[in-house]
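Chemist: Sequence:
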Amino acid sequence: MAEAVARAYRPNKAVDKYLREYAEAESQGFEGIEERWRAALVIPAFAEDYQRLKRVAEALTKTDCLQIWVINAPVSAEADALATTRECLRQAQNEGRTLWRRANLQLVETAGRSILLVDRCAEEALIPKESGVGLARKIGGDIALALVVAGYLQTPWIHFTDADAELPSDYFEQAPQQAGDAVALVHPFRHRGEGDARQQLLMQLYESKLRYYVAGLQKAGSPYAFHTIGSTLACRTDAYAMVRGMPLRAAAEDFYLLNKLAKLGPIMQTKGGDIVLSGRLSRRVPFGTGPALQKALEGDGAVFFYHPATYQCLRILLQSVTALWRLREQPEAALADISSELGAYTGREDLAGSALEAFAIAGAVRRFAAQSSTEQAFRRHFHCWFDGFQTLKWIHWWRDNLYPSIHCDHDEQVYALMNDIEDKDEV
Numbered sequence: 001m002a003e004a005v006a007r008a009y010r011p012n013k014a015v016d017k018y019l020r021e022y023a024e025a026e027s028q029g030f031e032g033i034e035e036r037w038r039a040a041l042v043i044p045a046f047a048e049d050y051q052r053l054k055r056v057a058e059a060l061t062k063t064d065c066l067q068i069w070v071i072n073a074p075v076s077a078e079a080d081a082l083a084t085t086r087e088c089l090r091q092a093q094n095e096g097r098t099l100w101r102r103a104n105l106q107l108v109e110t111a112g113r114s115i116l117l118v119d120r121c122a123e124e125a126l127i128p129k130e131s132g133v134g135l136a137r138k139i140g141g142d143i144a145l146a147l148v149v150a151g152y153l154q155t156p157w158i159h160f161t162d163a164d165a166e167l168p169s170d171y172f173e174q175a176p177q178q179a180g181d182a183v184a185l186v187h188p189f190r191h192r193g194e195g196d197a198r199q200q201l202l203m204q205l206y207e208s209k210l211r212y213y214v215a216g217l218q219k220a221g222s223p224y225a226f227h228t229i230g231s232t233l234a235c236r237t238d239a240y241a242m243v244r245g246m247p248l249r250a251a252a253e254d255f256y257l258l259n260k261l262a263k264l265g266p267i268m269q270t271k272g273g274d275i276v277l278s279g280r281l282s283r284r285v286p287f288g289t290g291p292a293l294q295k296a297l298e299g300d301g302a303v304f305f306y307h308p309a310t311y312q313c314l315r316i317l318l319q320s321v322t323a324l325w326r327l328r329e330q331p332e333a334a335l336a337d338i339s340s341e342l343g344a345y346t347g348r349e350d351l352a353g354s355a356l357e358a359f360a361i362a363g364a365v366r367r368f369a370a371q372s373s374t375e376q377a378f379r380r381h382f383h384c385w386f387d388g389f390q391t392l393k394w395i396h397w398w399r400d401n402l403y404p405s406i407h408c409d410h411d412e413q414v415y416a417l418m419n420d421i422e423d424k425d426e427v
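Residues in the sequence shown are numbered from 1 upward in steps of one, following full-length UniProt numbering.
In short, the hints are calculated from the structure, not lab data.
Treat the hints loosely; a few may be bogus.
Below are the DSS-like pairs computed for lysine-lysine, each with C-alpha atoms no more than 30 Å apart in a straight line [claimed, not checked]: (1) K271 x K54; (2) K263 x K209; (3) K129 x K263.
Put together the whole structure using the sequences plus the hints.
Modeler: Listed below in structure tokens is the structure:
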């Protein structure tokens, strides 16, 4: 078995360089481990109850999977949250049968499952505030990658989820059956209702907002039309190394990772059982589902959706890439056409010109034209530059200057918006 696993890794310069120069310290030195696995699942845990994590472990039907629990706390953690985190680690260490130990790593067997515990909640190992959950995920991802290279793991995928997620029975089958040439996977998801009726309604509205955004990007023809939720993603080991691992951020690390990965290859939205995510309130990260719900509950109980017209403005720009290539020697003429089309749609040609100027489209076209010998190369340069982050900034520009976001506090408003984009069932 060990020899078969070892043969699964093919030498890769990007992977070797990443582990040598950019990986976290926990990814070094696994001599003495006797176990071998065919899947890896990274779960960061801060202020989580041990029983919740244990339920995740026991629910996985794939027993040859290594779960990597990065039990962590930021230096800014409040005393209660820090105590909860340390108690979770203590219970995990004591209840499991220890198979291997080194420094702040402990491999245990719990309920027939292999779990690698990573202690990043000790006083000397607390996570820097600005690195947050991004560093916790990166530590787990780096460990998984190193175990693949060392021959302990036979898989081309690193899976990430959260302690409050419920994974479907076909979770690990979705990757090999559907991946194709994808560099990353985004699993289907839904949120479970928690709290009172008002909180559950807000959770439904917030989930609809996420789906509405992806539907809008799809309608616009954006190559960045996919969900960016850390508890639903998996990425190929080589691609993970090529983008230098998980971004060190306290929030939105999933967005920025997928934004980088999308420039390497396709992001596949898999089909199959849903990952069930929590609809609980939370302030553990600066923004995201939990904080968004908390803010809505403390406010007027509404969720804001981007105006449908902002997606049409995006569509007009993205559909112009062929024209920008064709008129690359005269970019001003192509930009005049785009400005005219935006102006005709919005009724504000002055704003259309301002938007193109604000995003320095003319300079980008000249730069990409000089670097490209074919339209395909030009298109690739354009979309690597006008990425998921630039896309969001473009939508925000039109929101701030002409199309304010729409205040939704009941389902009928959401249905109307979704119908204006496309059938929500397709997302």
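Chemist: Work down the list of hints and note, for each, if the structure agrees.
Modeler: Hint by hint, here is what the structure shows:
1. K271 x K54: This hinted pair holds, its Cα atoms lying about 26 Å apart.
2. K263 x K209: holds (25 Å)
3. K129 x K263: holds (29 Å)
Figure legend: structure checked against the earlier numbered hints; every hint is met.
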